[in-house]
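Below, each chain spelled out in residue letters.
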Amino acid sequence: MEKDFSEIFQSKIDEELKIEPKDWMPEKYRQTLIRQISQHAHSEIVGMLPEGNWISRAPSLRRKAILLAKVQDEAGHGLYLYSAAETLGITRDEMYEQLHSGKAKYSSIFNYPTLSWADIGAIGWLVDGAAIMNQVPLCRSSYGPYARAMVRICKEESFHQRQGFEILLTLSKGTEAQKRMAQDAINRWWWPSVMMFGPKDDESPNTIQSMQWKIKRFTNDELRQKFIDVCAEQVKVLGLALPDPDLKWNEERKHYDFGKINWEEFWQVVQGNGPCNKQRLEARKKAWEEGAWVREAAVAYAEKRKQKESLHAA
Amino acid sequence: MSNTEWPLWEVFIRSKQGLDHKHAGSLHAADAQMAIENARDVYTRRMEGVSIWVVESKYIHASNPTEAGELYDPANDKAYRHPTFYNLPDEVKHM
Ligand SMILES: [Fe+2]
Ligand SMILES: [Fe+2]
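Going line by line, the protein sequences match chains R and H. Oh and the first sequence: position 261 is 460 in our numbering, straight run, nothing missing. Oh and the second sequence: position 26 is 28 in our numbering, straight run, nothing missing.
Think of the hints as simulated: they come from the structure by calculation, not from any bench. Even for Gly, the Cβ is constructed at its ideal location relative to N, Cα and C. Treat each hint with caution, since some may be false.
Not the full set, but computed from the structure, chain R residues with beta-carbon under 10 Å of chain H [unchecked claim]:
{"#": "1", "residue": "Q271"}
{"#": "2", "residue": "G275"}
{"#": "3", "residue": "L278"}
{"#": "4", "residue": "A283"}
{"#": "5", "residue": "T286"}
{"#": "6", "residue": "R347"}
{"#": "7", "residue": "A348"}
{"#": "8", "residue": "Q424"}
{"#": "9", "residue": "D428"}
{"#": "10", "residue": "A491"}
{"#": "11", "residue": "R494"}
{"#": "12", "residue": "E495"}
{"#": "13", "residue": "A496"}
{"#": "14", "residue": "V498"}
Here are the computed distance ranges between Cβ atoms for each label pair [unchecked claim]:
{"#": "15", "chain 1": "R", "residue 1": "D420", "chain 2": "H", "residue 2": "P85", "range": "32 to 40 Å"}
{"#": "16", "chain 1": "H", "residue 1": "K60", "chain 2": "R", "residue 2": "E495", "range": "15 to 23 Å"}
{"#": "17", "chain 1": "H", "residue 1": "K18", "chain 2": "R", "residue 2": "D420", "range": "40 to 48 Å"}
{"#": "18", "chain 1": "R", "residue 1": "A486", "chain 2": "H", "residue 2": "N78", "range": "51 to 59 Å"}
{"#": "19", "chain 1": "R", "residue 1": "K459", "chain 2": "H", "residue 2": "E39", "range": "49 to 57 Å"}
{"#": "20", "chain 1": "R", "residue 1": "E502", "chain 2": "H", "residue 2": "R48", "range": "29 to 37 Å"}
{"#": "21", "chain 1": "R", "residue 1": "A264", "chain 2": "H", "residue 2": "Y61", "range": "37 to 45 Å"}
Required output: the full structure, derived from the provided sequences and hints.
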């Protein structure tokens, strides 16, 4: 019986039919999705922290309104994704608990600090850019609720990247100091962004299964190469440089060659030793704990109102 | 007493006057009013809607996907329910 189900399941996937919450699915498919979607949701939520740092110090009202809207979008993305994960049988509170206890991961990129205003530009261009590269194929992911959430997210992401590039472009046309600030931000954000695609293919054991299930459509290295190719061209428009002396067009491969990635740093940050891991997690926990009375009060108020209404009806 | 997870709501949005409400997604809220306000912030940040419905998810009843075959089978062999089933001469106009 189990075997029939799993054959039907795989044949649906092969035919590009979506899997929906009530459909039979292998336990490992469910667990992989819960891990991936919740990790993605946590990244959207924690991702608000480094940018939130600059909302009150944005250089103009225009930039402030834009940054507010962007950060609010990220909150929305987190909520779409938490809902998608909940359809797989995990509760919202369980996911929060996993984030707060450190059991669940979020994208390591958000463990780096935002030191100057130019960092907001670099994040939009590179971090949101890398996220988009990752997310566009996920719109065709085999799990229906995840794919639909990703469609909405991708529609909203493109302004994020454009506003970031515009910030850097403005700085690159500014004073020498502003240009230096933009270059410094790119220098610090480039390699962590390249690492956002995750470990190299031969060190990413889950990739094959995820591709067979069409949760993933491209490997980490394929997406990383695509990202580097695009950025290597875009940076020319800024008149700035990517901090990689080995970055060079390879006519044979029709791709840019690039330098060695510092995987040691990557694993250090994943394991909790990045510059801001502690700070980020503490901010999330604090928000959760200090918001407890609001959650309780809202329930009490709803309860009371329901009682009043039923009294009225009686 | 922090185990007070707010109930889950399904959100339906009418994108334009004259169209049906369509499922947009779900969210948590303590009551219906909060669900509508949250839905506005989560699902209509870009003027995606002119009207919002919310219903607590526990009140949604769904058909069973494993019974889809039997459930829809009765409609499967009734091609005569479609206008294209009927062969009429070309002289018949406006039909
Ligand atoms: Fe996002
Ligand atoms: Fe974004």
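Each hint tested on the structure:
1. Q271: holds (7 Å)
2. G275: holds (5 Å)
3. L278: With a closest approach of 5 Å, the L278/R hint holds.
4. A283: Nearest chain H Cβ about 8 Å off; hint holds.
5. T286: At 8 Å from the nearest chain H Cβ, T286/R passes the 10 Å test, so the hint holds.
6. R347: holds (8 Å)
7. A348: holds (7 Å)
8. Q424: Hint violated; Q424/R Cβ to chain H Cβ min 33 Å, cut 10 Å.
9. D428: Violated: closest Cβ of chain H sits about 31 Å from D428/R, beyond 10 Å.
10. A491: Since the shortest Cβ distance to chain H is 5 Å, the answer is holds.
11. R494: Given a least distance of 6 Å, the restraint on R494/R holds.
12. E495: Nearest chain H Cβ about 6 Å off; hint holds.
13. A496: holds (9 Å)
14. V498: holds (5 Å)
15. D420/R with P85/H: 32 to 40 Å: Violated - the Cβ-Cβ distance for D420/R and P85/H, about 53 Å, lies outside 32 to 40 Å.
16. K60/H with E495/R: 15 to 23 Å: With a Cβ separation near 21 Å, K60/H and E495/R satisfy 15 to 23 Å, so the hint holds.
17. K18/H with D420/R: 40 to 48 Å: holds (43 Å)
18. A486/R with N78/H: 51 to 59 Å: Holds, since A486/R and N78/H (Cβ atoms, about 53 Å apart) stay within the stated range.
19. K459/R with E39/H: 49 to 57 Å: 51 Å Cβ-Cβ, so the 49 to 57 Å window holds.
20. E502/R with R48/H: 29 to 37 Å: At roughly 34 Å between Cβ atoms, R48/H and E502/R fall inside 29 to 37 Å, so the hint holds.
21. A264/R with Y61/H: 37 to 45 Å: holds (39 Å)
Checked against the numbered hints given earlier, this structure breaks hints 8, 9 and 15; the rest are met.
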